[in-house]
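Peer 1: Using the hints, position chain W against chain U.
Chain residues, written in single-letter form:
There are 2 protein chains.
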Amino acid sequence: MSRAATNLQIDSARLWGTIHDTAKFGATPKGGVRRLTLSAEDKQVRDWFRKACEDAGLEVQVDALGSMFGLRKGRDMSKPPIGVGSHLDTQPTGGKYDGVLGTLAALEMVRTLNDAGIETELPICICNWTNEEGSRFAPAMMASAAYVGDFTTDDILSRRDAEGITVAQALDTIGYRGDAPVGRQKFTSFVELHIEQGPILEAENKTIGVVDSGQGVLWYDGKITGFESHAGSTPMPLRRDALATLSEIVLAMESIAKKHGPKAVGTIGEAVIAAPSRNVIPGEIAFTVDCRSADAAIMDALDRDLRAAVAEIATRRKVDVQLDLVWRKAPTHFDPKLVDAVENAATQLGYPHRRITSGAGHDACNLNTVMPAAMVFVPCKDGISHNELEDATQSDCAAGANVLMHTVLALAGVAS
Amino acid sequence: MSRAATNLQIDSARLWGTIHDTAKFGATPKGGVRRLTLSAEDKQVRDWFRKACEDAGLEVQVDALGSMFGLRKGRDMSKPPIGVGSHLDTQPTGGKYDGVLGTLAALEMVRTLNDAGIETELPICICNWTNEEGSRFAPAMMASAAYVGDFTTDDILSRRDAEGITVAQALDTIGYRGDAPVGRQKFTSFVELHIEQGPILEAENKTIGVVDSGQGVLWYDGKITGFESHAGSTPMPLRRDALATLSEIVLAMESIAKKHGPKAVGTIGEAVIAAPSRNVIPGEIAFTVDCRSADAAIMDALDRDLRAAVAEIATRRKVDVQLDLVWRKAPTHFDPKLVDAVENAATQLGYPHRRITSGAGHDACNLNTVMPAAMVFVPCKDGISHNELEDATQSDCAAGANVLMHTVLALAGVAS
Numbered sequence: 001m002s003r004a005a006t007n008l009q010i011d012s013a014r015l016w017g018t019i020h021d022t023a024k025f026g027a028t029p030k031g032g033v034r035r036l037t038l039s040a041e042d043k044q045v046r047d048w049f050r051k052a053c054e055d056a057g058l059e060v061q062v063d064a065l066g067s068m069f070g071l072r073k074g075r076d077m078s079k080p081p082i083g084v085g086s087h088l089d090t091q092p093t094g095g096k097y098d099g100v101l102g103t104l105a106a107l108e109m110v111r112t113l114n115d116a117g118i119e120t121e122l123p124i125c126i127c128n129w130t131n132e133e134g135s136r137f138a139p140a141m142m143a144s145a146a147y148v149g150d151f152t153t154d155d156i157l158s159r160r161d162a163e164g165i166t167v168a169q170a171l172d173t174i175g176y177r178g179d180a181p182v183g184r185q186k187f188t189s190f191v192e193l194h195i196e197q198g199p200i201l202e203a204e205n206k207t208i209g210v211v212d213s214g215q216g217v218l219w220y221d222g223k224i225t226g227f228e229s230h231a232g233s234t235p236m237p238l239r240r241d242a243l244a245t246l247s248e249i250v251l252a253m254e255s256i257a258k259k260h261g262p263k264a265v266g267t268i269g270e271a272v273i274a275a276p277s278r279n280v281i282p283g284e285i286a287f288t289v290d291c292r293s294a295d296a297a298i299m300d301a302l303d304r305d306l307r308a309a310v311a312e313i314a315t316r317r318k319v320d321v322q323l324d325l326v327w328r329k330a331p332t333h334f335d336p337k338l339v340d341a342v343e344n345a346a347t348q349l350g351y352p353h354r355r356i357t358s359g360a361g362h363d364a365c366n367l368n369t370v371m372p373a374a375m376v377f378v379p380c381k382d383g384i385s386h387n388e389l390e391d392a393t394q395s396d397c398a399a400g401a402n403v404l405m406h407t408v409l410a411l412a413g414v415a416s
Numbered sequence: 001m002s003r004a005a006t007n008l009q010i011d012s013a014r015l016w017g018t019i020h021d022t023a024k025f026g027a028t029p030k031g032g033v034r035r036l037t038l039s040a041e042d043k044q045v046r047d048w049f050r051k052a053c054e055d056a057g058l059e060v061q062v063d064a065l066g067s068m069f070g071l072r073k074g075r076d077m078s079k080p081p082i083g084v085g086s087h088l089d090t091q092p093t094g095g096k097y098d099g100v101l102g103t104l105a106a107l108e109m110v111r112t113l114n115d116a117g118i119e120t121e122l123p124i125c126i127c128n129w130t131n132e133e134g135s136r137f138a139p140a141m142m143a144s145a146a147y148v149g150d151f152t153t154d155d156i157l158s159r160r161d162a163e164g165i166t167v168a169q170a171l172d173t174i175g176y177r178g179d180a181p182v183g184r185q186k187f188t189s190f191v192e193l194h195i196e197q198g199p200i201l202e203a204e205n206k207t208i209g210v211v212d213s214g215q216g217v218l219w220y221d222g223k224i225t226g227f228e229s230h231a232g233s234t235p236m237p238l239r240r241d242a243l244a245t246l247s248e249i250v251l252a253m254e255s256i257a258k259k260h261g262p263k264a265v266g267t268i269g270e271a272v273i274a275a276p277s278r279n280v281i282p283g284e285i286a287f288t289v290d291c292r293s294a295d296a297a298i299m300d301a302l303d304r305d306l307r308a309a310v311a312e313i314a315t316r317r318k319v320d321v322q323l324d325l326v327w328r329k330a331p332t333h334f335d336p337k338l339v340d341a342v343e344n345a346a347t348q349l350g351y352p353h354r355r356i357t358s359g360a361g362h363d364a365c366n367l368n369t370v371m372p373a374a375m376v377f378v379p380c381k382d383g384i385s386h387n388e389l390e391d392a393t394q395s396d397c398a399a400g401a402n403v404l405m406h407t408v409l410a411l412a413g414v415a416s
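Residue numbers (our numbering), protein chains in the order written: chain U, 1 to 416; chain W, 1 to 416.
Just chain U, same shape as in the assembly (with noise of 0.2 Å):
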């Protein structure tokens, strides 16, 4: 690699600047983003960056579903680009930086590649994904998923949010219905940027996290049937509490997720009391369990032990628990040699860094399943992300940017 590369810089403050400018798409007035996919907010930040894409000389694409790829040319147009990005939707009450820095810091690489007059062997894809959060439309990740084939773009043009808007009608009304089939633009690989939206960097002082796994999820949908009767009058051994019921399953649920850690963690994030009263013994509670381990060995046993628990809960108590499996995403394993090369950029910077797993899930997670991808992640404050309050520092962000191009500079090889 040249000296010139070898040296090269991303522009801290131009890429500082276009996260904020670009924050005022959908801004809100505590100072997060309110960019729900394919809105008219999200048409706002896409209209920016095609025209930020060609105006850095690259060669806009969009699939069908809405997907926007820049194309930068390398010296050996035979191969397949090197993809690198994120996403530029966000969640209701999101932040700046969840996907947008992702996003922004592979224009940003474009922009600084261009200015140092550095042409790249292999071609240079920059990515923004529809849909990543799937807060407006169910999946999240719809738009990758369907490229690495997990679904069909007939089923995903289908899919309606609560106004029972279709994905067709919502990319027609925004203009960005593409020409381009899902899964035609090819890549040899794929980068991703992101923050860490956990608090592991941040408490050990690392400014990279090398992403070397994406946890596996497991998703339930639970019911607990005990009887509802007068919180007066009902002796205490003759109860079927169903809110009694929740809390050791709840609590389970803790102890598993630590017995198998630190590689596994549980939640129990919804949990509604079918007519509660304050005189009223709870008779019925529905709930939802959201179990990851970046193990698979690790999920099976997360799941026999809440089995195992709730069965034992329930039998105890005298209550009906139903625990249905709605969701199972295996973990990612990203490819060591990607993983490998964000690691060495990391090192060659001079940023303190840790290998970590992803907690969320990622459109690289999905890619990773048909090609070799791998993700670099930077701190986040409290690790609050999916907030308003979702924080990054500039210098994190820049440093995130300089290990995402020199690792697709190593991938994509230097011509000049």
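If you are wondering where the hints come from, they were derived from the structure by calculation, not from laboratory data.
Be a bit skeptical, because a hint or two may be false.
The list treats identical chains as interchangeable, and a pair is accepted whether it falls inside one copy or across any two copies.
[Stated by the list, open to error] Calculated pairs, PhoX-like style, for lysine-lysine (alpha carbon to alpha carbon, straight line, at most 20 Å):
# : residue 1 : residue 2
1 : Lys318    : Lys258
2 : Lys318    : Lys381
3 : Lys318    : Lys223
None of the values given here were measured: they were computed from a predicted structure.
Peer 2: Showing chain W alone in chain U's frame:
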């Protein structure tokens, strides 16, 4: 007492008919009743009750909190009437008997006395107390509590339901804000018939419970403030999970009540997660606690043990738990002479009976603080109430109504 009065029996079929006729006001598909206080359904049953009272020759008054009083004149109008009745509101998914039996048995008694041409020495006043249940507005039994001076009328009028509607607005909406000042209708004594709402009478094959005491009540409002964060990326040891905290509190309440049992119960009936999401660790939960005992020393112990447990859990889990006592009611000891009157009536009528403690709170418990009061219980199936499955037999309801009538006759005296 005349032979006619001594042998007098209420009309079992007519009582049963009114119970089932009025159950249509707020009838649920599962056979229960949803008739929240001061709702449109409550207006329906109130209109029905007013007309039934007027048809029976009673003079109906409504007080400023909507409580309804139907006066049957006695020979000696210089003395206040014997009060008799209960309530017509229900839990959100309540049954057909709780409150309804006591109110309609009072009406049936008047109809029976009218049919038999019996005049009493003292007047009789049949009552429908507003908001006994406390499901829509807190506190429960608010009208009888205001009657005895525990709250001012203005305080109660300003209480709001979950939609922010005040008691005053709700009364005006259904046209039941009466002219009579709260407390103006005086009583010589008060007797209330009610289903047991517990399993004891049924288990012991007793038809009548002679209620000599009522449990004291502690009501708390609680709020847990942990930290909302991503269910996938927040390691178990770093969590401040509001639902796991609640779970420990629920189980602590259960074990504290058992420790002080059998004369103690404790229940968390409501728990609402703020902004629940499947993949977000609950950050904030509001909940309510209901603790009861008929023994004042045990009530103190429940309060002390619960507060200590909550403090320990909050500290260990690094979350904030606020626990505010919003209501404390001392145990009730019903008037010994009235309790004897109930027992005499049951003995005279030949019904198997026993002395019993009321697990639930009742308007009679409030009224007992300013006048002699007593209660009559009849069994309910499996001890179930506050539930659409609440059930009682026609013959037990009739037995209770007969004991009620003969107790009232003994207290009021028969003039002719």
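Peer 1: Checking Lys318 and Lys381: alpha-carbon separation at most 20 Å within a copy, between copies, both or neither?
Peer 2: Classified as between; 19 Å across copies, 45 Å inside a copy.
Peer 1: At most 20 Å between C-alpha atoms: does Lys318 with Lys223 qualify within a copy, between copies, both, or neither?
Peer 2: This pair counts as within: shortest intra-copy Cα distance 14 Å, inter-copy 29 Å.
Peer 1: How do Lys318 and Lys258 come out at 20 Å by Cα distance, when the copy is not named: within, between, both, or neither?
Peer 2: between (27 Å within a copy, 17 Å between copies)
In terms of the numbered hints stated before, the structure departs from none.
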